[in-house]
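Peer 1: Dock chain B against the given chain A, drawing on the hints supplied.
Protein chains: 2
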Amino acid sequence: MEIKLIVVGKTKRTELSKLIDEYIKRINFYCRFKIIEINSAKSKKISEEEIKKVEGDNILKNLNKNDILILLDERGKSYGSRKFSEFISSKTQTNKNLIFVIGGAFGFSNSIYEKSNDLVSLSSMTFSHQIIRLFFTEQLYRAFTIINNHPYHND
Amino acid sequence: MEIKLIVVGKTKRTELSKLIDEYIKRINFYCRFKIIEINSAKSKKISEEEIKKVEGDNILKNLNKNDILILLDERGKSYGSRKFSEFISSKTQTNKNLIFVIGGAFGFSNSIYEKSNDLVSLSSMTFSHQIIRLFFTEQLYRAFTIINNHPYHND
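Protein chains in written order, with our numbering: chain A, 198 to 352; chain B, 198 to 352.
Next up, chain A with everything else stripped away, as it sits in the complex:
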């Protein structure tokens, strides 16, 4: 069982990468976790719909048949940290891989929405696609500390 976070485009700032890498290391104490960067298809030559389709196809290439696909989407369900840890805990018990995805600049293609099992919203605010990576990894780490009763989270 493994958790992956698929993101569109490279993490541009080394400062951000360093902060994220620290949480990746800490999460791996509890569960195998890695970030997969797929190429952004952003281009002035093709339409937003086409960009979403190309990126969607690249996301699908990283999925296996039984994986659980969870989109980080502002239309998704919002959780408090404790509820999110319960969500993670219940999903990991299925023993299937959990694949979270942060969409590209224009969001997800319809085919990705159709394949998804859940939508989760981290905030009703929109954050940069770069920063949201840190946001998610910190929250995933927090979820595992809650599940394992480690003193990191204060309600």
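Everything hinted at is true.
Which stretches of chain B does chain A cover? Using the computed rule of at least three CB atoms under 8 Å from a CB of chain A, they are:
| id | region |
| --- | --- |
| 1 | 213-221 |
| 2 | 270-284 |
| 3 | 320-326 |
| 4 | 333-343 |
Once the Cα atoms are required to be at most 20 Å apart in a straight line, the calculated SDA-like pairs of lysine to any residue come out as:
| id | chain 1 | residue 1 | chain 2 | residue 2 |
| --- | --- | --- | --- | --- |
| 5 | B | K222 | A | Q327 |
| 6 | A | K207 | A | I328 |
| 7 | A | K280 | B | S325 |
Hints are computed from structural coordinates only; laboratory data are not their basis.
Source: prediction; values computed, not measured.
Using N, Cα and C, we set each Cβ at its ideal position, and we do this for glycine too.
Peer 2: Below, chain B alone, put in the same frame as chain A:
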């Protein structure tokens, strides 16, 4: 008119400081903005209530009579980015200073809640007191780009 963000304790990671400093610079293109770090009173020798009181007193020392005090608090109102930009826009029109505060490890004292004009929630999730500084400054920058029709935010 000036916006300040008061935080409890220093920003520990230089990577985080660098990312935050970049947004501070960009926000100052639109409005005077700075972060004020007050000392954390966290100690095993005094109770949580006493810690909140000491930190609360230090926060109050940084306030002037006409300032608008807005606490970043998970019980606060949550906004989408566009609504948050309207909130900022309406508040800045009063020409009073806006003071946002991120609480310490145990939250705010009652005297701070009593003095506050608004509570704003960035997310229903709890984030580290360190990382939330980056979230807020990015969101404040985003608000000013929306107010000024600069191409940063995509709905």
